[in-house]
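J.: The primary structure of each chain is shown beneath.
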Amino acid sequence: MRQKGFATYNPIVCFVYFAGTIVISMLTVHPAAAFISLVMAAVCYINVHGRTAFKLIGAMLPIFALLALANPVFNTRGKTVLFTYMGGRAFTLEALYYGIVLAAMFISVIIWFFVYHEIMTADKLLYIFGGLAPALGLALSMILRLVPHYGNHMKSISAARKAISCDGENKTAETANIMLAMLSWSLEEGIITSDSMKCRGYGCGKRSRFSVYSFKAKDVLLILWIAALIVCIIMCKAKKGLEAVFLPNINISGEENRYFVMGLMAMILYFATPIVINVTEAVKWSFLKSGI
Amino acid sequence: MQGKSVKRLLGYIVMLLFTLAVLLAFWKLGSGRYYLFATLLIIGGMLPFILGFERKKPQAGEIVLVSVMSAVAVVARMAFSFVPHFKPMAGIIMITGMAFGPTAGFISGMLSLFVSNFTAGQGPWTPWQMFAFGMAGFAAGILYEKNIMNENRRLVTALLGFLIVVLIVGPLLDTSTFFLMDGMLGDMTPWAIYLSGLSVNAVNGAATAVTLLFLCKPFMERINRIKLKYDI
Chain R
1 MRQKGFATYN PIVCFVYFAG TIVISMLTVH PAAAFISLVM AAVCYINVHG RTAFKLIGAM
61 LPIFALLALA NPVFNTRGKT VLFTYMGGRA FTLEALYYGI VLAAMFISVI IWFFVYHEIM
121 TADKLLYIFG GLAPALGLAL SMILRLVPHY GNHMKSISAA RKAISCDGEN KTAETANIML
181 AMLSWSLEEG IITSDSMKCR GYGCGKRSRF SVYSFKAKDV LLILWIAALI VCIIMCKAKK
241 GLEAVFLPNI NISGEENRYF VMGLMAMILY FATPIVINVT EAVKWSFLKS GI
Chain Z
293 MQGKSVKRLL GYIVMLLFTL AVLLAFWKLG SGRYYLFATL LIIGGMLPFI LGFERKKPQA
353 GEIVLVSVMS AVAVVARMAF SFVPHFKPMA GIIMITGMAF GPTAGFISGM LSLFVSNFTA
413 GQGPWTPWQM FAFGMAGFAA GILYEKNIMN ENRRLVTALL GFLIVVLIVG PLLDTSTFFL
473 MDGMLGDMTP WAIYLSGLSV NAVNGAATAV TLLFLCKPFM ERINRIKLKY DI
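From first to last, the protein sequence lines stand for chains R and Z.
For the first sequence, the numbering used here gives the first residue as 1, with consecutive numbering after it.
For the second sequence, the numbering used here gives the first residue as 293, with consecutive numbering after it.
Among these hints, one or two may not hold up.
Derived list of chain Z stretches under chain R, where covered just means 3 residues or more per stretch with a C-beta under 8 Å from a C-beta of chain R [said to hold, decoys possible]:
1) 367-376
2) 410-423
3) 440-454
4) 505-513
Restricting the straight-line Cα-Cα distance to at most 27 Å, the calculated cross-link-like pairs of lysine-lysine (BS3-like) are [unchecked claim]:
5) K155(R) - K509(Z)
6) K155(R) - K216(R)
7) K521(Z) - K198(R)
8) K379(Z) - K171(R)
9) K348(Z) - K124(R)
10) K438(Z) - K519(Z)
11) K206(R) - K348(Z)
Keep in mind that the hints were calculated from the coordinates and are not lab data.
C-beta: ideal position from N, C-alpha, C; glycine also.
Let the sequences and hints guide you as you build the complete structure.
T.: Encoded structure:
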C-alpha cells in the first residue's frame with residue numbers, strides 16, 4: 001500500500017496523535033468541540049480514504065439521528081418542553097440538544113477510528129509494541145502471517161476433497177471437516193517452525209529487531225507540536241473553558257471565556273494537523289510535477 | 293533472585309502510579325465520562341497476563357502454538373461466516389485454553405480478537421473484546437485443569453462454554469456498551485443494557501456450545517496426537 005503525508009511519519013508519533021484525538025473527543029462534552037471533532041474526522045477520513053469515504057460517512061447519518069433522538073425519549077429532564085406525547089411525556093429541547101452533542105461525540109470517535117484503521121497498519125503496531133513485549137509481538141506477527149496462509153490451506157484442502165468427490169452435501173459439516181484437516185496441517189507446520197527456530201538459536205540471547213521506521217527531524221517537530229497542543233487543551237479544560245451543562249438548564253461556556261477560545265483554537269489546530277500535512281504534501285507534489 | 297524481586301516491585305510501583313495517574317486525570321478532567329477510565333482499567337487487567345507471558349521467557353514452541361491456535365480461531369470465524377449468527381471463535385479459544393493451559397488461552401483469545409478486528413473493524417470496544425475473549429480462554433483452561441471441562445464430557449463442556457459466554461464474555465461486552473452509551477439513553481440503569489444484551493449473548497453462547505459439542509473432541513484428539521508425536 002502506498003503511504004504518503006501523515007502516514008509516513010514515525011508510527012509512535014501517529015499512535016500518540018490518535019490516542020490524543022480519541023481521548024480529547026471522548027472527554028470534551030461541548031457542542032463546539034464535538035462539532036469540530038466530527039467535521040475534522042469526516043474531512044480527514046475523506047482525505048485519507050478517497051471518494052468511497054462518503055458512503056461510510058453517509059451510513060453514519062441514520063445512526064447519528066437515532067442516537068440524537070433517543071436521548072430526549074429516555075430523558076425527560078430539561079426546562080423547555082417542545083411537545084408532549086403518550087399522555088404527557090415531555091420531549092425537551094435541552095435533552096435533544098444534549099443528545100445531538102453526545103451523538104456527535106460518539107460518531108466522531110467512530111470516524112476517527114476509521115482514520116486510525118487507515119493509517120495504523122499492522123506492521124506499525126508491531127513496530128510500537130514489538131519492543132515492549134517481544135514474545136507477544138512475535139506471536140502477533142506470526143498470526144498476521146498465518147491467517148492468509150491458512151486461508152490458502154483451506155482452499156487447497158477443499159479443492160483436494162472436491163477432486164476425490166468426498167465433499168458432502170452439507171456445507172457446514174464440510175467446512176468443519178476442512179477445519180480439522182487444516183488444524184492438523186497447521187500444527188505439524190508449527191512444530192517444524194518452532195524446531196527451526198530452536199535450531200537457529202531462538203531464546204539464547206537478546207533478540208534484535210528490524211524495522212523500516214526511524215525518528216527523523218520531522219517526527220520530533222510533529223511530536224512537540226502535538227504535545228504543546230495537548231497541554232494547551234488540558235489547561236483550558238482544567239480552567240473550565242470547555243464545560244457544558246445541558247440538564248435541566250443549558251449552560252455552555254462561550255466566547256466570553258478566553259480559555260474557551262484558546263481551547264477551541266488548539267483543538268482545531270490539533271484535529272487539522274494530518275489534513276494540513278497531507279494537503280501540503282499534495283500541493284508540493286503537484287508543483288513538482290508541473291515543473292517537469 | 294535479588295534482581296528479579298526488585299524488578300517485580302518496580303513493576304507493581306509502576307502499575308500503582310499508572311492507576312493513580314488515571315484516577316487523578318479523570319477526577320479533574322473527566323466531565324463525568326467514564327468510558328476511557330473503564331477502558332484503561334480493562335487494559336490494566338490485561339497487563340498481568342501479558343507481563344506473566346513475557347517474564348516466563350516462553351520457548352519457541354509455546355509462542356508458535358499460541359500463534360497457530362489464534363490464527364486457526366481467526367480463520368474459523370471467516371470460514372463459518374456463511375452461517376448466520378454462528379461465531380466459532382470463542383469455542384476455539386476455549387479449546388486452546390484447555391489444550392495449552394489458562395495463560396496460553398488468555399493470550400490466544402486476546403491476540404485472535406485483536407487480529408480479527410483488523411478485518412471486522414477496530415474501535416473503542418477492541419480492548420474489551422480482547423479482555424473478554426482472553427478471559428474465556430483462561431476460564432476454560434482453569435476448568436480443564438480442575439478436570440471439570442473435558443473433551444470426554446462433551447455435554448458438560450458445551451454447557452460450561454455456553455455459561456462462560458453468557459456470564460463472562462457477554463456481560464463484559466455489555467459493560468463496554470453501557471459505558472460507551474453512558475448518558476446517551478438518559479438515566480438508564482446498567483441492568484437494562486444487560487437484559488437487552490441477553491438475547492445476543494444467548495445466541496453467541498449457543499454457537500460456542502455447538503462448537504464445543506462437535507469440534508472439541510476432534511480438535512483435542514489432533515492436538516494430543518501432535519503433543520504425543522513431538523513430546524510437548
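J.: Of the numbered hints stated previously, which ones are contradicted by the structure, given in increasing order?
T.: The structure breaks hints 3, 6; every other hint is satisfied.
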